[in-house]
Each structure stands twice: as C-alpha cells, then as structure tokens.
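Based on the sequences and whatever the hints tell you, model everything.
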Amino acid sequence: MNGREFLSGLKAGTSIAVGYFPIALTFGLLAKTTGLSLIEAVAMSIFVYAGAAQYISLSLITAGVAPAVIVLNTFIVNIRHFLMTAALNEKMQPDDRWKKALYAFGITDESFSVLATQKGNKLSTAFAVGVIVIAYGSWVIFTAIGHLIGANLPQFLQASMSIALYAMFVGLLVPSMRGNRKVVSLALIAGAVNSLFYFTEWLSTGWAIMVSTLASAIFIEWISRKGVAH
1 MNGREFLSGL
11 KAGTSIAVGY
21 FPIALTFGLL
31 AKTTGLSLIE
41 AVAMSIFVYA
51 GAAQYISLSL
61 ITAGVAPAVI
71 VLNTFIVNIR
81 HFLMTAALNE
91 KMQPDDRWKK
101 ALYAFGITDE
111 SFSVLATQKG
121 NKLSTAFAVG
131 VIVIAYGSWV
141 IFTAIGHLIG
151 ANLPQFLQAS
161 MSIALYAMFV
171 GLLVPSMRGN
181 RKVVSLALIA
191 GAVNSLFYFT
201 EWLSTGWAIM
211 VSTLASAIFI
221 EWISRKGVAH
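The sequence shown begins at 1 in this note's numbering and counts up by one.
Any given hint could turn out to be false.
To be verified - Straight-line distance between alpha carbons at most 25 Å, and here's what the computed PhoX-like set of lysine-lysine pairs gives:
(1) K100 / K11
(2) K122 / K99
(3) K91 / K122
(4) K100 / K122
(5) K11 / K91
(6) K100 / K119
(7) K11 / K119
(8) K226 / K122
(9) K122 / K11
(10) K99 / K119
(11) K119 / K91
(12) K226 / K182
Since the hints were derived computationally from the structure, they do not count as laboratory data. As the structure is a computational prediction, the values presented were derived from the model and not from experiment.
Here's what the structure looks like:
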C-alpha cells in the first residue's frame, strides 16, 4: 500500500471525523439510555456503521420490534449504497475484488462525497482506505465515548434523553426539506401512511415504518416519471 496516498486519505477524511463527533457521541449516549450495553453499542457501530439506520434501530429496539424487521428496515434505508459504490467504482483504480469489498463496507454519504469530489486521475485504494479508516475509527470511538458519558449521567437525565432521538430525526430531515419539494412530499406521505397504520393498528411499528417508507418512495417516483412523460 502506498503510504503517501494513505496519509493523504487520512488528511482528506479528517473533516468527516470532526463531523462525526457530535453525531456518534449522541448515538452512544442514546444507545445507553435505550438499554444497550457498551459492547452492544460499539458492536453496532463496528458491524452496521450506518448513522441514520443506527438511530432508527434504536427507536425500533425501544418499541420492541422483531430483529428481522429491524434488519429489513436497515437494508431499505441503506439501499442507496448500491448506487454510491457502483458510481465510485468508476472513479477508483483497478484492484482486487476483495480489496474493493473491504473499502466498500466503509462507504457512507460523507466518505462518498469526499472520494467522489476528488479531482485528477483515478483514486488509489490506499487513498480510499485512508479516508475510510479515519471516518470509521472516529465513528466507533465516539460511540464508545458517548456511551460512557451516558453511563455517568443522572438517571433522570438518561430518561429524558429519549426525546433527543426524535430531535435528531427532525434535525436530519429539515435541512434536506428546504427548497426540495420531493423530500417534503416524501416526508408528508410517509408520515400520513405511518399514522394510518399507527391509529388503525393494521401493522406493527417496524412493518409500518418499512411499508410507509417504500410506499411514499414508490408513489413519488411514479408521479415524477409520469410528469416527465407528459
């Protein structure tokens, strides 16, 4: 592995590590208040490594949703990674498939943005690994720190932190809604469908979230395509 390229990747990924600090810290803290042990919280960050999906998983765990449904929801939330890694493959230098598989695991929205916006020739595996190592390592470490902080909070503060989970979802959603009618429509339709399932109790919490997400995405895409066709 080219050491200089690896160090360049570490440098390029530093901004990701800084950005992950508050998000991973909050995840670790909320994981503690949700009831996950330190090992369980860190293991989720190690093996899942998907910010939004991990937050959703915490809410589903709190609701007592079956593990299989949590896995399905995580898959749906992260299905965009197929497109991101396929697009990034065109920008990377040829290499062994097992190496591509390893760094593909570390692709997130943030690491994809850093790698995809690099100028010049095709990127080396060493550079990609550098970006991913610092991003991945910071997410895992800050998760552990957040859990340890949560363990030392008074019990009443731990209980009140559950509201932060919903505040985080709002914080992630609102910026993307500004000036984007499609995102607004997706959120409103998904919310309406999920509310229908909630009040009628036709579906359990996990299945309701999954069906609402898929239904809104399919409906909006159908409307968009219909508009383009006309």
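Now the hints, each set against the structure:
1. K100 / K11: 21 Å, holds
2. K122 / K99: 16 Å, holds
3. K91 / K122: Holds. K91 to K122 sits at ~5 Å (cutoff 25 Å).
4. K100 / K122: 14 Å, holds
5. K11 / K91: Distance of about 19 Å is within 25 Å: holds.
6. K100 / K119: 20 Å, holds
7. K11 / K119: Status holds; Cα separation ~15 Å.
8. K226 / K122: 37 Å, violated
9. K122 / K11: 18 Å, holds
10. K99 / K119: 22 Å, holds
11. K119 / K91: It holds: about 10 Å lies between the C-alpha atoms, which stays within 25 Å.
12. K226 / K182: 14 Å, holds
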